[in-house]
Amino acid sequence: MPPPLLLRRERHTVAGIQSRGDAAVVRRGSERSFSALFSANQGFRRSWTASALSMLGTRTLGVTYPLLAFAVTKSPAWTGWVVFASTVPGLLCYLPAGTLIDRLGPGRVMACSEAARGLLMGALTAALICDVPEIRGLLLAIAFVEGGLAVLSSVAETALIPAATRRDDIPTALAAHETTAHAVVLAGRPVGGILFGLGAYMSFFANAVVFMCSAALLWRLNPGQPARTPHREPVLHQIREGIQEVWRNPFLLSATILTAVINLIVQSLIVVFISYQTSSGLGAAAVGGILAASGVGGAAGAFISPKRKKISRKIDGWARRWNWTDRLAELVGLTHRGRSTLLVHAWVCSGAIAVIFMTGFAPSAFALALLMIGVAGGLSNVTIRTLLSRVPADKVARVVSVSRLGSYSTVALGPVLASLLYESAGPRATLGTVTVSMVVVALVMTLVPTFRKSLSPRWPSGRLWKARLASR
Numbered sequence: 001m002p003p004p005l006l007l008r009r010e011r012h013t014v015a016g017i018q019s020r021g022d023a024a025v026v027r028r029g030s031e032r033s034f035s036a037l038f039s040a041n042q043g044f045r046r047s048w049t050a051s052a053l054s055m056l057g058t059r060t061l062g063v064t065y066p067l068l069a070f071a072v073t074k075s076p077a078w079t080g081w082v083v084f085a086s087t088v089p090g091l092l093c094y095l096p097a098g099t100l101i102d103r104l105g106p107g108r109v110m111a112c113s114e115a116a117r118g119l120l121m122g123a124l125t126a127a128l129i130c131d132v133p134e135i136r137g138l139l140l141a142i143a144f145v146e147g148g149l150a151v152l153s154s155v156a157e158t159a160l161i162p163a164a165t166r167r168d169d170i171p172t173a174l175a176a177h178e179t180t181a182h183a184v185v186l187a188g189r190p191v192g193g194i195l196f197g198l199g200a201y202m203s204f205f206a207n208a209v210v211f212m213c214s215a216a217l218l219w220r221l222n223p224g225q226p227a228r229t230p231h232r233e234p235v236l237h238q239i240r241e242g243i244q245e246v247w248r249n250p251f252l253l254s255a256t257i258l259t260a261v262i263n264l265i266v267q268s269l270i271v272v273f274i275s276y277q278t279s280s281g282l283g284a285a286a287v288g289g290i291l292a293a294s295g296v297g298g299a300a301g302a303f304i305s306p307k308r309k310k311i312s313r314k315i316d317g318w319a320r321r322w323n324w325t326d327r328l329a330e331l332v333g334l335t336h337r338g339r340s341t342l343l344v345h346a347w348v349c350s351g352a353i354a355v356i357f358m359t360g361f362a363p364s365a366f367a368l369a370l371l372m373i374g375v376a377g378g379l380s381n382v383t384i385r386t387l388l389s390r391v392p393a394d395k396v397a398r399v400v401s402v403s404r405l406g407s408y409s410t411v412a413l414g415p416v417l418a419s420l421l422y423e424s425a426g427p428r429a430t431l432g433t434v435t436v437s438m439v440v441v442a443l444v445m446t447l448v449p450t451f452r453k454s455l456s457p458r459w460p461s462g463r464l465w466k467a468r469l470a471s472r
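Just so it is clear: in the sequence shown, position 436 is 436 by this note's numbering, and no numbers are missing.
Treat each hint with caution, since some may be false.
[Unchecked claim] Label-pair distances were calculated between CB atoms; the ranges are:
(1) A286 to A429: 20 to 26 Å
(2) L236 to L420: 34 to 40 Å
(3) S424 to G317: 48 to 54 Å
Calculated directly from the structure, the hints in this document are not laboratory data. Small disclaimer: the values here were computed from a predicted structure and weren't measured. The beta-carbon is built from N, C-alpha and C at its ideal position, and this holds for glycine as well.
When you get a sec, could you build the whole thing from the sequences and use the hints?
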């Protein structure tokens, strides 16, 4: 029987994941820069390029699907159905996608998924060129199937990037990938609009080429990867195992819950912004530019994430000048034993939304708020993905799929709730509700010992932290 100390440590370890929150990073100074990693590691270079191409295609399709649907049908209802068909597979496919990837390996699954997406885009291109009648049903079916394949690629790339790098380089690799994801959001939408303007078939032909290039890179990277799970367990058993992995790990469970709530609130905020500003006469270009601030912030947050410990030490030195700043910084997760990127994310969202409420819906306040939320979100995403990279290779996709499903299922719910509240209570009441909800969530995560300890494992439990702060 292992000694008691080891038993206590194992309670906070699930499938090789240590519940250390922000402490789940490599030794200081051991990781290489992105440029050095990119030039020296061919496997990472190919997997990163393939992932970037895949994300670019996904973002352009997010624009071209509704454009094509409206151009063909002239019906907003049909446009909505096509968008729904492309997004609903996320709720249906995340859990089985994780099991499939763990069985076959992320490289093989993503290569096949990208190739299939390329074939679908080629088929849609041919249908547009040949002017196939009743293309509405074909478009709906292709959007649905391609949406499911996109989920496979999304989960697979999360497991593939860490697998292509040595352990010490994982934080840098994940930060680079997260930065790329936000940059692609900014570039993909206008690129999709420009290509569609050149001709509907041109945009889908370009996507076919992009997906095929991604598949070719991945196939060359790992042409014959063997199955990852030698004993074929039932699919439902493997899905249940992935759910249990997340449930047993305090940090992953708390991070998933917090991220889901933040996504719901931020999506509600976007609905309030679009509804209020468009009714006030703000142009579509201005609305798009303000919404792009979140992508800029996310890219910036992911880019600086490898330096977050250095930034925290600087904040620590500044906060120690006065007792009240020292206490406040520690309480909200900025310094000392209370350090927690996820907790900082919650308080940044609270402050950003409160600024909008106090400034009376000023467009500049919305832009600043989305920028701040994006920076904090980019940092949080890298922290969560760094911890997920510690999962054993044969289970990582299952855990990622459960975490993704929990975190992003509220993205579809937020706009619906916000629109209903907006119509019944008005913009100010809706924004007030969103603000209060976010502050309450931040307070719960800060003051409830279970959540606080899971997000900051070095934080003292129970009454101890209150007495410690009072004595400072």
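Hints and how they fare:
no.: 1; hint: A286 to A429: 20 to 26 Å; in the structure: holds, 25 Å
no.: 2; hint: L236 to L420: 34 to 40 Å; in the structure: holds, 35 Å
no.: 3; hint: S424 to G317: 48 to 54 Å; in the structure: holds, 49 Å
When each numbered hint is compared with the structure, no violation occurs for any of them.
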